[in-house]
Amino acid sequence: MADNPVIAAVERPQAALPEEVDFDRRDPDWFIDKAVQILVFIGGISAIIFIIGIFVFISKEGAGFLFGELDIVEFFTSPRWRPTSEHNPTYGILALIAGTASVTGLAMIVAIPFSLGAAIFIAEFATGKTREFLKVLVELLAAIPSVVWGFIGLSIMNPLIIEIFDVPVGLNVLNAGVILGLMAAPIMTSIAEDALNAVPDRYREAAEAMGATRWQVTIRAVLPAAKNGLLGAVLLGVGRGFGETMAVLMATGHSINLPSSVFDSVRALTATIAAELGETAVGSDHYMALFTIGIFLFIITFIINLTADLIVRGVRKG
Amino acid sequence: MFAVTELNQRDKKVQGLCRILFMIMTGLLILPVVLILATLIYKGGSIISADFLFSEPTDGMTAGGIFPALYGTIWLVAVALLISVPLGVAAAVYLSEYAGDNWFTRVINLAIINLAGVPSIVHALFGVGAFVLFFGLGTSILAASLTLAIMTLPVVIVATRESLQAVPHAFREACWNMGATRWQTIRRVVLPNAVSGILTGVILEVSRTTGETAPIMFTGAAFFLPFLPESVFDQTMALSLHLYVVATQVPGVPDELPYGVALVLIAIVLIMNSLSIAFRMWLRGRKKW
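Protein sequence lines correspond, in order, to chains A and B. Under the working numbering, think of the first position of the first sequence as 1, with each following residue one higher. Under the working numbering, think of the first position of the second sequence as 1001, with each following residue one higher.
If a hint is listed, it holds; no wrong ones were tucked in.
Listed next, the stretches of chain B that the computed footprint assigns to chain A, with coverage defined by at least 3 CB atoms under 8 Å from CB atoms of chain A:
1) 1024-1031
2) 1208-1221
Simulated pairs of lysine-lysine, DSSO-like, Cα-Cα distance not exceeding 27 Å:
3) B:Lys1287 - A:Lys135
4) A:Lys129 - B:Lys1287
5) B:Lys1012 - A:Lys129
6) B:Lys1012 - A:Lys227
7) B:Lys1013 - A:Lys129
8) A:Lys227 - A:Lys135
Since the hints were made in silico from the structure, they are not lab data. Keep in mind that this is a model prediction, so the values were computed, not measured. C-beta: ideal position from N, C-alpha, C; glycine also.
Based on the sequences and whatever the hints tell you, model everything.
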């Protein structure tokens, strides 16, 4: 009996510890409250559990290859990805990295100027209804699913590129880069716009009081103050391009190549997994090699997201 | 004293030019998408009919409708919501109502950001390794929905946390002063005031889940099935995967069929998002504090 905390608390002599008894209310409501607190805590840490879970499970599936067959030097420096070769399968992802990098790079060339420009226009120049309308539009653009973008690359951009540039194949770095750029731009726009909005109005007021025009206010006062947030937006765009799967699978042409021009077809890391996982036997070298690519992708995006977060957080503190 | 100097005039000119330049940039961001949507409607609009939506694919998927894919997507989204909404709301309640401003909360936030940033194909690998193989669910709606739920969990968490934090702190204090426990406060005061904000997040998640393709490819969605799923342990077709299949995997598909599928998919997503945005604006107008 005595070790029941409720009864022990109630039975404690009043004179000795009055405050404790007066404010103690370990009734059913108190226990429900504690139970809920534990439940929501589990919910709260679920994101951590899942991130660790993702790393553990893809590592577990890829481990046999990672610690067995894998020749790290060959893996990163050989452009030969021939996992299905009968006699001498080779696992080199250099060409796949080159594919992902070229497409993401072009996408950023397309997306950065437009999304930063649009963000500046929406945050600093547009007002009232126009601003609301543009914000909604950007949000809607960001929602278009990647498989639809891939389909657009395949059926609209492809013939367009063939016709305009007179090349035999329209599924190439250019196609995927533009598609990915259009895809990443709305997201980068809204993050960049948030960064601009986070700059306190007193910066603008001070500059305007000195007689600066809106443009001068933007370039001299707002952009320097928001530069970390803008960098964060660009990094998140890079991360998004890097990890995009369906659109690059459908628009790059999916052939292994070290690209020498934007009209070469390439193959991305993500797309390789998507295209080949279904054809491999569970536990085979090929299967484990695909999971090893997954580990690589996970680590790279983790670093990109971590860096972006640190940069943006730096802005908040300052 | 306030005469316009030459310098002022030059500044004004630069200002006007910049304004136009940025306006053009914004336009160029939006224009291609508008053109693309117009093309989708132009090429796929003719095939959309009740028959297309409610009949099964025939002739090796080169004709007929998309009903099994639509039906499967509803299954996948519903099961994913059942998993992620309670979990996401709990996480948001913890972050908004219980968590302090310390390193542990920062780690949770970082995990949420990363969960949203991990490539969808890595989520697919996780789904295969964890749900399909380790937990023995096989390729099933349950495995696919679990994968989708984990992937879209950040959407629910972020939307819910924002709407919880929008409830003024004074509401909570008033409640605590009446002797209510934390949970009573949350259940009777905080959640009812935030429920519509949570709903906009849920609608957003429906839209995200509907469009995802890579995470379900190997965990539960099939290219073609002659029957409809009956339980969460069955495989299913899905609209997003169906678009990929008819666009790339099936020979001899008439041109308008994939356009039609793309149009239906994009219509669902855009309608859901517009709904969520409209709902949010309506809420903002109605808010009394």
